[in-house]
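From just these sequences and the hints, can you work out the full model?
Using our numbering, count along the sequence shown one by one with no gaps and you end on 233.
Hints may contain errors.
[As the list claims (entries may be wrong)] Lysine-lysine pairs mimicking DSBU-like chemistry, simulated, CA-CA at most 35 Å apart:
1) 111 <-> 99
2) 216 <-> 87
3) 213 <-> 104
4) 227 <-> 60
5) 216 <-> 111
6) 227 <-> 213
7) 227 <-> 104
8) 207 <-> 87
9) 133 <-> 207
10) 227 <-> 204
11) 111 <-> 227
12) 60 <-> 207
13) 133 <-> 227
14) 60 <-> 136
15) 136 <-> 99
16) 111 <-> 213
17) 111 <-> 207
18) 227 <-> 136
[As the list claims (entries may be wrong)] Pair by pair, the computed Cβ-Cβ distance ranges are:
19) 154 <-> 213: 16 to 26 Å
20) 24 <-> 108: 16 to 26 Å
21) 28 <-> 204: 28 to 38 Å
22) 101 <-> 149: 43 to 53 Å
23) 227 <-> 204: 18 to 28 Å
24) 154 <-> 21: 26 to 36 Å
25) 219 <-> 115: 29 to 39 Å
Hints in this document: simulated from the structure, not taken from any laboratory.
Quick caveat: nothing in here was measured; it's all calculated off a predicted structure.
The C-beta atom is built at its ideal place from N, Cα and C for all residues, glycine as well.
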Amino acid sequence: AIRQMIRIALERHNYEIIEVGNVAQARVAIADSLPDLLLIDWMLPDQPGPDLIKQLRSEERTRSVPIIMLTARAEENDMIKGLEAGADDYIYKPLSLKNLHARIKALLRRVETQAQTDNDAQKSVLKSGKIELDTHSLQLSIDGHFIHLGITEFRLLEFLMGHADRVYSRAQLLDAIWGQNSFIEERTVDVHILRLRKALKAHDADKVIKTIRGAGYLFVKEAYQVE
Numbered sequence: 007a008i009r010q011m012i013r014i015a016l017e018r019h020n021y022e023i024i025e026v027g028n029v030a031q032a033r034v035a036i037a038d039s040l041p042d043l044l045l046i047d048w049m050l051p052d053q054p055g056p057d058l059i060k061q062l063r064s065e066e067r068t069r070s071v072p073i074i075m076l077t078a079r080a081e082e083n084d085m086i087k088g089l090e091a092g093a094d095d096y097i098y099k100p101l102s103l104k105n106l107h108a109r110i111k112a113l114l115r116r117v118e119t120q121a122q123t124d125n126d127a128q129k130s131v132l133k134s135g136k137i138e139l140d141t142h143s144l145q146l147s148i149d150g151h152f153i154h155l156g157i158t159e160f161r162l163l164e165f166l167m168g169h170a171d172r173v174y175s176r177a178q179l180l181d182a183i184w185g186q187n188s189f190i191e192e193r194t195v196d197v198h199i200l201r202l203r204k205a206l207k208a209h210d211a212d213k214v215i216k217t218i219r220g221a222g223y224l225f226v227k228e229a230y231q232v233e
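Spelled out as C-alpha cells, the structure:
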C-alpha cells in the first residue's frame with residue numbers, strides 16, 4: 007500500500023517509477039535498466055535494506071546511484087547504520103509525500119550538478135601532495151592509486167580541498183553540498199565525513215580532514231605531502 011501510494015504520488019510529478027517488492031525483483035529491474043535514484047525500505051522480505059545498499063555500493067555499475075532509505079526506525083543509531091551502509095539520505099515513516107518529493111528533487115539536483123563538466127580546465131584537477139581529485143572524471147587518486155568515493159563524499163572532499171585550511175561548520179557544509187533548502191540533519195555531515203576518512207585511511211591520508219571541536223571540519227593542505 008505504501009509503495010503504491012509513493013508510486014502514484016511521484017508519477018503525478020512525471021517520474022517514471024519501477025515498483026518491486028523484494029531484493030530479487032530489484033536485482034532484475036536494476037540489471038534491465040539502471041535507475042537515476044533508488045528508494046529502498048529497511049524491512050525487505052528477503053534481505054535487510056542496509057545489506058542490499060552495501061552490495062550495490064560494492065558493485066561498479068551501481069556504486070554511484072543515489073539512494074534514499076525509507077524506514078520506521080527513528081533511532082539515531084539506525085540512521086547512522088543506514089547512512090554508513092551507503093544511503094545518501096534517510097527518511098522516517100510515517101512518510102510526508104511532500105517531504106519525500108523535495109528530498110528526491112534535492113538529491114537528483116545534487117547529482118546533476120556533480121556530473122556537469124567543469125569548463126575551466128585549470129580547476130578540473132585539485133592537487134595536494136599525493137592527492138589528486140579530478141572533477142571532470144569524478145576520480146580520486148592517492149599516490150597513483152584510484153580510490154572510490156560516493157557522490158556525497160566526493161563533493162565534500164572537493165569543497166574542502168578547494169577551500170583548504172579553512173574551517174567550515176556542519177551547517178555551512180550542508181548548505182554547500184546539499185543546498186540551502188535541504189532537509190538533511192547536521193549529524194549526516196559527520197557520517198559522510200567518517201566515510202570519507204575511511205576511504206582516505208586506506209592510504210594513510212585520513213589526517214587531511216581535521217575536526218575542530220565546536221567549529222567544524224577543514225582540509226589540512228600540508229598534512230599529506232610528497233616525501
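Going through the hints against the structure:
1. 111 <-> 99: 19 Å, holds
2. 216 <-> 87: This hinted pair holds, its Cα atoms lying about 23 Å apart.
3. 213 <-> 104: Roughly 40 Å between the alpha carbons, so the hint for residue 213 and residue 104 is violated.
4. 227 <-> 60: Given that 35 Å is the threshold and the Cα spacing comes to 31 Å, the pair holds.
5. 216 <-> 111: 31 Å, holds
6. 227 <-> 213: 10 Å, holds
7. 227 <-> 104: Violated. Residue 227 to residue 104 sits at ~41 Å, over the 35 Å cutoff.
8. 207 <-> 87: 20 Å, holds
9. 133 <-> 207: With Cα atoms ~18 Å apart, residue 133 and residue 207 stay inside 35 Å; holds.
10. 227 <-> 204: Holds. Residue 227 to residue 204 sits at ~18 Å (cutoff 35 Å).
11. 111 <-> 227: 34 Å, holds
12. 60 <-> 207: 19 Å, holds
13. 133 <-> 227: Holds, because 9 Å separates the two Cα atoms, which is no more than 35 Å.
14. 60 <-> 136: Answer holds: residue 60 to residue 136 is near 29 Å, not above 35 Å.
15. 136 <-> 99: Violated, at about 44 Å.
16. 111 <-> 213: Holds, at roughly 34 Å.
17. 111 <-> 207: 32 Å, holds
18. 227 <-> 136: 11 Å, holds
19. 154 <-> 213: 16 to 26 Å: At 20 Å between Cβs, range holds.
20. 24 <-> 108: 16 to 26 Å: For residue 24 and residue 108 the Cβ distance comes to about 21 Å; the hint holds.
21. 28 <-> 204: 28 to 38 Å: 30 Å, holds
22. 101 <-> 149: 43 to 53 Å: 45 Å, holds
23. 227 <-> 204: 18 to 28 Å: The hint (18 to 28 Å, Cβ to Cβ) holds, given that residue 227 and residue 204 are roughly 21 Å apart.
24. 154 <-> 21: 26 to 36 Å: 28 Å, holds
25. 219 <-> 115: 29 to 39 Å: Distance hint for residue 219, residue 115 holds at roughly 32 Å.
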